[in-house]
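Chain H is fixed; fit chains Y, X and S onto it per the hints.
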Amino acid sequence: MSKKNQRARALAYGGGTFLLLLFLWEILVRMTDSQIPFPTPFAVIERFVDMLFHNVGYYYTIVGHVLWSLSRVLAGFCMAAVLGIVLGLTMGWFPYVRAIFMPIFNLLRPIAPLAWIPLAILWFGIGEKYKYFLIFIAAFVPFTLNSYAGATHVDKQLVGAAKMLGANNAQVFFEIVVPAAVPSIFSGAQVALSNSWMTMLAAEMVCATEGIGWIIIAGQAVNDMTQMIAGMLAIGIVGFLLANGMRLLERRCLVWNNQGN
Amino acid sequence: MEQSGKLKMKCQNLSKTFRTPNGSFEVLKDLTFDVRENEFLVIFGPGQCGKTTLLYMLAGLEGCTAGTVEHNGQLVEEPHHSRAVVYQTMALFPWMTVKRNVGFSQKVRKVDKQKREQDTQKFIDLVGLTGFENSYPVQLSGGMKQRVGIARAYCGDPDVLLMDEPFGHLDAQTRYMMQESLENIWENEKRTVVFVTNNIEEALYLADRIILLTDCPGQICKEYTIDMPRPRSLVDPEFLRLRKEITQQMNANESNSLSAGNRAEMEQK
Amino acid sequence: MTKQKKLFAFRMKIISICALFGFFLFWYLVTDVWKLAPETLLPSPLKALETGITKWSVKKPDGSTLPQHIFASLRVSLLGFCFGAVIGVPLGIMMAWWEKADMCLKPVFDFVRTIPPIAWIPIMIILLGIGVVAKASIVFLSAFIPCVVNSYTGIKSTKKVHIWVGQTFGASKTRLLFKVAIPSALPYIFTGLKVSLNSSWGSLVAAEMLGSDSGLGYMIQLGRLLCRADLIIVGMVVIGIMGTILSAILDFMEMKLVKGAV
Amino acid sequence: MKKKKMVAVVLSLTLMVFVLAGCGSSGAGGAESSQVPAQEQAADASAGNKEDDKAEQAEGAEMAAADAPSEELVTIRVSTLAQQLSIPMHYISKMGWDVENGFKLEITTFAQGSGINEALGSGLVDVFTIGAAGVSSCSVYDAVYLFSHCDSGAGQQFMIRADSEMAAEKGFNPDYPEVYGTPDSVKGKSFLLPMGTASQILTDMYLEALGLSEDDVTLINMDNMPAYQAFVSGQSDFASTCYPVADNYDPEQYLAAFSMTNLNCPYYDNILCSREFYEDESKHDALVALCEQLIRVADAFKDDKVLMDTMVEWYDINGQECNPDEIEHQVLERPFFTYDDLTTIDSTASFKMIADFYAIVGNISDEDLEKVYKNMDDTVLKEALEAYAADYMK
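Residue numbers (this note's numbering), protein chains in the order written: chain H, 1 to 261; chain Y, 1 to 269; chain X, 1 to 262; chain S, 1 to 394.
Isolated chain H (complex conformation) (with noise of 0.2 angstroms):
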């Protein structure tokens, strides 16, 4: 099966699925009687394309918001990889680093990134800098946890063979665990990307002048349900294309390991 025709068959049944909803959707809202405007999906498709010409309060329109958005989840979420994957590897391999951060990791792990924004303005102030730290939080989780569970279950024999060809600790470290963490630490970069858009919204909440979620926020404030939903539009298709395009890197960096998702 050729490459080309596999893509379009993939597109077919994504497609397919897609109009599925969207038809589910329409029989939903003409089915209930409800009192609340929910909007049908052409509605929202209407004044998505119309925000993606008219400004969206003054300044932007949703392009600008996009990009702005993009810019707090990136900047949060790159900081978030590179501690997270050093502090997760660190932590599988070497037992002293596990037991000194392990515990405070764990106690601080389960709090919500909303339960920081009190914290955050504290320490950072009403401007960019709160949100890129509310976001850096929601990424970190999971690439800590993910780098920690690569380089917890690294093949033994691996290490093994490493150590029996001549390679001292931090040898094996470097050339055997971060490789064989990468697959894991790719999951981890997946479930990061979700977290941080989604901690967006709460970091737009509390003061912004802009962004996708600030959108969404304004459009809670009066009601204004066809705003909100095509703010979540606009998120969900940058999320789409964020995701496959992390899924590109994967395939790239991974060639080695060919069932890469």
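FYI, nobody ran anything at the bench for these hints, they're computed from the structure. The reader is advised that the hints may include incorrect statements.
Reference listing, derived: stretches of chain X covered by chain S, where coverage requires no fewer than 3 residues with Cβ under 8 angstroms from a Cβ of chain S [claimed, not checked]:
1) 35 to 42
2) 243 to 257
Residues of chain H placed beyond 10 angstroms of chain S at every Cβ, according to the derived structure [as the list claims (entries may be wrong)]:
3) Thr90
4) Asn223
5) Leu233
6) Arg251
Just so we're clear, the structure is a prediction, and the values are computed from it rather than from any experiment. We put the beta carbon where it would ideally sit given N, CA and C, even for glycine.
Same frame as chain H, now just chains Y, X and S:
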């Protein structure tokens, strides 16, 4: 050919018990044997008699509950590149190309680049993988992967080669082919080899000396010295005689351990 | 050999306890001794402890005591987590094992999973009202993602050699799935469960925005409204402790179930 | 080779971030200044804002560019909410009245009062417009109450279903003839309301009027908009609402059980300032000038057209779609206090009443209540009134 060279490795009443959740499980009991220089020693025994554990103890990957293992006079404590291991499951580094897998040992021991390149290429050609330097293990067949394993072991300029049923996973046809290629590799690059297998033809085809182990807990029950000229043919009458004798011995061991005979009675034999 | 290992493990525990103690000591120094942060936004651990103790029995100001909060939050997050696991893991496995399911569901999954739970609140209110089920659905939305992703990676990275061995015994595709693929994917699935447990606690605060009269997330939110920073800190620490206990239970189950796979 | 690839990946990701962040901030039009690296400030001769990560109102800066005054402008960091109570600040900045009088407004918009309080606690706010949450600002963060600048009681009400049990009887308590519900019809019912805000106080007053207390009913914490959604889809019995959500209720099916007006409880939004700003002598006259301008804006807002335009503009800036004639009556029912109102009525009544109720309900302790009363200062208001009378009442 009789190898009367000096002793390479000496094992003194080795035994090993594994502490599992449901009680301890004795695998090897009081083994004493030695390995001579440039000898192709085969450790032969039924499936579950701790052959692999013995090999790992020789390599230093496993500690021993009792007894000592010496290599060139020094006690063996942890794995060292002079005792290279070829694993049954190949244990190649999936994220490295063939070239980097083979050159790993020298790279890690910081051998200068020029020599490393040269050695890697030499051993890749030796095992017949020229042209596959840049492919990943996932793209190679079972036989080719095992060749990379052998090349990698050789490239660590080992003193002793410890091979743990390297052809266990291969289909029969590739197995014969690998036995022949291992034979000529060994001819060109003389090293002491300790080869573990449960396949009688493989043992007889390759070995200078065979140590027969009984079933669990593994003990040395017989030693054979094979001095047929190489390369041996599987239909040679001497080959067949030896094969029948060893299989009979194997079945004898089998029936003894199954029958009411306990360990003590085995010792008097 | 094992005596040395026991000693090593014991030393590790000591270091962990010291690290934890050091963390609280540092917090105490920052707030009380060096006065770096204003008391109203970062109270000292002692103040937080004192509020925690009083809150254990007092109903003020949010109308329920700490145990009631904990119980309500536990109910919502565990329900959401179970929904997430029961639906997420099979979905991930199905997507990894069957080509068609993957092509159908993956685009929708990628699209839906980045939408924040808070944005779903209005829709969930209309569909499921404001009861525990609605709140659990918000938790479900963020809990099912790690399950799907990790079980997908787990199934996809079952070693080819295991599958060959299964095939040589003539196993059918589904028997192969249950006998070979799933057991070898268990460590990944458990990592997924751990991350999902963490995100179910993470989205608790968002879920309890959907109209609640008790729950740790509600307590934190009210703490924010009434500028009671100590209530917020108490809420955060209790969520931390509950999360740690739950993931310890999960680790214990993993140890029991996943014997050979590590 | 493997390692080089990983490094390349990480580098490309971080590069992407800066590219996006860069173009994100230099976006279309407005000199929206923010902490992101590319921070170019419109031609603005202000003393350079201390907190470099303030999001500052753009046209205010453009308008002021024309006449760059010589003496140093005092920068005032103003926090506002995306509702009607904050449009005076926007109007002052838009008309450039701030630069004319020697101070510069730096406006940050928050979604909820809690955000402002957190910023106040972190020392990032000088003056702010807030509703009932102002009581917590005074009690917890020692903020100073200056004066109430607009009556936003209209529209604050609780809806019930026309066919519900409570709607049957009206005027159970003689003092409040317009109020629906009797003690036994209300007992055990559930209320949807944003806790810790004026709605909670309204609920407590209603319960008190019927001789009940918070323990007889269940209070569920929800913002006005989700409350509308839940209530209309059949959840719970009472739902708090205010403008603009109030108009979504269909008059036949739903009616207002009780509201600020028919419980004749005065509810005004307030202007507060942080303790440091209040005690800083160098900022005192800028503060007075700001209050004076606020009174002047209230005068300008007497003209309905100006009020409406500013309100529509404020909605637009905050990304909220609104159709002007629909919100017409909402805006006009919530007037701003002009010079005559401030001199005649006691505008502090509402703030004191809210503080008392917070103490009764238990949100704040009793000594906090004294602290709130101590923090209510009217000297600044008096000075502003005199200055206003001198300048504008010829």
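Results of checking the hints against the structure:
no.: 1; hint: 35 to 42; result: holds (count 3)
no.: 2; hint: 243 to 257; result: violated (count 0)
no.: 3; hint: Thr90; result: 16 angstroms, holds
no.: 4; hint: Asn223; result: 5 angstroms, violated
no.: 5; hint: Leu233; result: 16 angstroms, holds
no.: 6; hint: Arg251; result: 12 angstroms, holds
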